[in-house]
Amino acid sequence: MTAVVELTWTSVCALSALQPEAGVAVLLPDASQVALFRTFDGALHAVDNIDPFSGAAVLSRGIVGDRGGVAVVASPIYKQAFDLTTGACLDDPAVSIAVHEVRVLDDVVQVRCP
Amino acid sequence: MARTLVVVGHGMVGHRLVQALRDRDTTGRWRVVVFAEENRPAYDRVALSSYVDSWVPDDLALAPHGPEVELRLGDPVTEVDRVRKTVTTASGVEQHYDALVLATGSFPFVPPVPGRDLPGCHVYRTIEDLDGIRATVAAARGVGRRAGMVLGGGLLGLEAANALRGMGLSPHVVELGPRLMPLQVDEGGAALLKRLVEKLDLTVHTGTSASSIERDGERLFARLSNGLELDLDVVVFSAGIRPRDDLARRSGLEVGARGGVVVDDACRTADADVYAIGECAALGGMVYGLVGPGYSMAEVVADRLLGGGAVFPGADLSTKLKLLGVDVASFGDAHATTEGALEVVVNDAVAGTYAKVVVSDDAKTLLGGVLVGDAAAYPSLRPLVGRDIPGDPVQLIAPSGGGVELALPADAQVCSCHAVTKQDITDAIHAGECADVPGIKACTKAGTGCGSCVPMLKKLLAECGVEQSRALCEHFDHSRADLFEIVRSTGVTTFSALIAKHGRGRGCDICKPAVASILASLDTGHVLDGEQATLQDTNDRFLANIQRNGTYSVVPRIPGGEITPEKLIVIGEVARDYGLYTKITGGQRIDLFGATVDQLPRIWRRLVDAGFESGHAYGKALRTVKSCVGTTWCRFGVQDSVGLAIELELRYRGLRAPHKIKSAVSGCARECAEARGKDFGIIATENGWNLYVGGNGGFTPRHAELLVSDVDTETLVRVVDRFLMFYVRTADRLQRTASWIEAMDGGLERLRSVIVDDSLGICADLEAAMAVHVESYADEWRGVLDDPEKLSRFSSFVNAPGTPDPTISFREERGQRVPVPLGLPEVAAR
Ligand code: SRM
Ligand SMILES: Cc1cc2nc3c(=O)[nH]c(=O)nc-3n(C[C@H](O)[C@H](O)[C@H](O)COP(=O)(O)OP(=O)(O)OC[C@H]3O[C@@H](n4cnc5c(N)ncnc54)[C@H](O)[C@@H]3O)c2cc1C
Ligand code: SF4
Ligand code: FES
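Chains V and C, in that order, are what the protein sequence lines are.
Using full-length UniProt numbering, read the first sequence as starting at 1 and increasing by one per residue.
Using full-length UniProt numbering, read the second sequence as starting at 1 and increasing by one per residue.
Because the hints were derived from the structure by calculation, they are not lab data.
Check before you lean on any hint, since a few could be wrong.
Sample of chain V residues facing chain C (criterion: CB under 10 Å; computed from the structure) [to be verified]:
1. W9
2. Q19
3. P20
4. A31
5. Q33
6. G42
7. A57
8. V73
9. A74
10. P76
11. K79
12. A81
13. P114
Pair ranges (Cβ atoms, derived) [unchecked claim]:
14. C:G530 to V:L105: 26 to 32 Å
15. C:E714 to V:L15: 55 to 61 Å
16. V:A98 to C:E812: 32 to 38 Å
To give a feel for the contact side, a few chain C residues facing chain V, derived at Cβ under 10 Å [claimed, not checked]:
17. D509
18. S553
19. S753
20. L822
The structure displayed is predicted, hence computed values, not measured ones.
Note that the Cβ used here is the ideal one computed from N, Cα and C, for glycine as well.
Produce the entire structure from the sequences given, and follow the hints as far as they go.
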């Protein structure tokens, strides 16, 4: 049997609450967490907040930047970098994190999640 | 069955023999028994004078042998029976040998001056000798500045004089010959040398000697043959050495005309089973008083014992004065004794430099030279001895241009202490075995002796193209020090502006915090102002240390470790009310663990209201200045160590740096605050303070080294100001002061010349920069609490600010809350 998970848009915050090149944590209705980032060019990215290397919910507190032009966040615990667009870990090809869709409606940021 | 090798003497050369044999005798052909007269294993006698910086014997230790080597300490050999092939020791042990190596070194020659055996008269060869000198100096209770006399103005005499100076004495150097360092330096060089050492408060008496020494109560009086009388606390004899050849003599082996066990170029005596190496051996009519030739002999014998045919390769007698802060070097045929040799001299009395090269009669071959005042050319000239000079010899020492660039031939010996050639080093570099100076030291031993070849090692690395990249990361080609200068001189105040102009891309977790730290060092406002907040590592961004479960720890500053009961109660109450795990740190303060992001401001509100401020445990900044109780309570204390620690901690709090900075102040030489393990550590003396720099615990522990001694508080603070600012400006990212000094060209001496002698003329600027820091310091936590915009960032979730992170949970251990280990969720593979 396959469980069908319905994805819905959750409103998170005003766009203006997001500082460029920084992240915030978002709590979802099912108690899971998303790390939401706004980069310098205004692009928004949402990925899982849990750092797979430590198990701690901290990726929103990592430093945002680029590696060879790819937008990344570095985990604040052991410093592995994750591609904000694909979720791939650049330091360990076997590891990646989930990415989520983000949109802005009337200046409100929404994340698409279970 | 293994044959037995007996080694008599565990000095530097005996040690080297055993090490070389153990390295190569992989099949265990030899069992090794060593008898040592001294009570401790071999140590670095060449560096003996540095013992007075720390008085820690272990700082001189050489690599220990494996357990298979039988090392009998404190049991000298008294008899050798070559017929029965045994040795007998003082304790009565009789030991058979198949091969015997004499490595008994030499003893200091003490001229027959009446009174030479009086208490307070010492020689200068072993750790115990220096302990004895120290005890005499400590017992001396004269009024005014204490004085010492060193008999002998050679290389060792000057070292001994410098050591006395380090102990707070005014040294007199008495030399029978017409000039200082008569063996190594010519007249012109010695005249300048005398001027330079007199500037260092040494009084030099040449062409005279002591005719008598008398004791009157606590004092010693020396009468010189020129009529002068000296009032002294201590006398040190350094009038040359004599080989310890009496064992050989008594067992019927031949000794040389001026002493020394006669050996052939295989280091073998007339008895094929008996060898002699090091300072006790006379090889080719010569007794060598340097460690390099001794090491070569040790290698020869190790090879011979394993069936090889090695012969003594000849010796390099070049020398360089260590420690005095005066550059002197002498190499090759320094006195131009070769037939027809020509001398080329550049004597600059104004600059205080003297340089001479000795060349062959056709001016084509370099034979030797003397450098005084500036010996920078020494590492590149010395290996060229006996080789052709490109062009005019005067070019080699021309003050302009600092000499010509010389291509060293592959077989030139770069490190004479360990007989390592250029080829050995470049091979190791090309084989990828080493990419920096510590690497070369580890794989070739070059540079681990007197250290004078280290500048050459750097050049060779560069020549081989391994100039290590100084680029900070993929976004900046500059080193941290370069970026610091760019920010300072251009006045750029944002990361965006800096990377747009001087870098590329958007930055990363390496360059962003590094630039944030530079901006903070230049006191450009609060670390969380505007864009700066996004540059900070999570610890700096939340002004707390992140823990394994994503919570943070809180460390209020407790300057010097001193705290009132009221403040302790506040910490206790806050910890209790927020359920924080509480622990005393290794830095004499208290750490409260397990706070969530949203709790941090509330916790700090209470702490700040009670008078606490940020302890910067999270920052690359000053951490703690530990203290011992000092004079206030301790019966041994000689200064107020707590008072000074608090003053220093308050002065430098908040100073952002390339890495964390730690300090400590001890109230006396018992050193209860462990100051010598710190970036800068201070130890109280009767007369003031001794300042040590470059200490480190952590991954690579290292004792701090003495920078200045017996200074008053004002001078101390001035030197520390300069030290810290110079470090902040020039160190690499995440480079502690220990490795910063190690990597500096010229090391501690260079540091001293810049921040004590002001050789670059930047000290006023460094002090002014520190004054700006002290002036503009403000508590970072108060800055957050007073700013609603900054406070708003301390929330768990942007869409649910008050809700705690549901992944965090605690259990109880020994009555306190500790994190429940996080179950690592499955990793989604894509
Ligand atoms: C709390 C404390 C241990 C304790 O319970 O006693 C501690 C805890 C940490 N130390 Fe330490 N060190 C603590 C004293 C020391 C000491 C002893 C001392 O300071 O007297 C040393 C050796 C001395 C030295 O630094 O030279 C020490 C050498 C290190 C090192 C190795 C540094 C090095 O140069 O090799 C690190 C790693 C680093 O900084 O890169 C480190 C890093 C850390 C970090 C910051 C690791 C991290 O990134 O999470 C730890 C977290 C602190 C926190 O969450 O509050 N800690 N650490 C001590 C805090 C002292 C304070 O009051 O500020
Ligand atoms: C202060 C100082 C500075 C120096 N600076 C330099 C320098 O810059 N460059 C340089 O090249 N050289 C320098 N030297 C010289 C260098 O230290 C010596 O050349 C080197 O130590 C010689 O080694 P060795 O093993 O032959 O003798 P030693 O190191 O003297 O060792 C001989 C050992 O044998 C022991 N011994 C003697 N008789 C017996 C016995 N019967 N039984 C058992 N044990 C015995 C002695 O106690 C001693 O421990 C310096 C020396 C001093 C004192
Ligand atoms: S270092 Fe000296 S003054 Fe300080 S506590 Fe120890 S013994 Fe006392
Ligand atoms: S020449 Fe002394 S360490 Fe290399």
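Less than 10 Å between beta-carbons is the criterion; does V73 of chain V satisfy it with respect to chain C?
holds (9 Å)
Supplied contact hint for P76 of chain V, tested at 10 Å Cβ to chain C:
holds (4 Å)
Interface hint check: A74 of chain V, Cβ to nearest Cβ on chain C, cutoff 10 Å. Holds or violated?
holds (4 Å)
Have a go at the L822 of chain C hint: is there a Cβ in chain V nearer than 10 Å to its own Cβ?
holds (3 Å)
Restraint satisfaction for S753 of chain C [CB to CB of chain V, less than 10 Å]
Interface hint status for S753 of chain C: violated (38 Å vs cutoff 10 Å).
Given hint K79 of chain V near chain C, where the shortest CB pair must fall under 10 Å
holds (6 Å)
Going by Cβ atoms only, is S553 of chain C closer than 10 Å to chain V?
Result: violated, 14 Å to nearest chain V Cβ.
For the hint on P20 of chain V, does the least C-beta distance to chain C fall short of 10 Å?
holds (7 Å)
For the restraint on W9 of chain V, tell me whether the closest CB of chain C is nearer than 10 Å.
Constraint on W9 of chain V not satisfied, violated at 13 Å.
Let me know if the C-beta of Q19 of chain V comes in closer than 10 Å to any C-beta of chain C, holds or violated.
Hint holds; Q19 of chain V Cβ to chain C Cβ min 6 Å, cut 10 Å.
In this structure, is the beta-carbon distance linking A98 of chain V and E812 of chain C contained in 32 to 38 Å?
For A98 of chain V and E812 of chain C the Cβ distance comes to about 34 Å; the hint holds.
Outcome of range test on Cβ distance (E714 of chain C, L15 of chain V; 55 to 61 Å):
Hint holds: Cβ distance 56 Å, inside 55 to 61 Å.
Checked against the numbered hints above, the structure violates hints 1, 6, 13, 18, 19; every other hint is satisfied.
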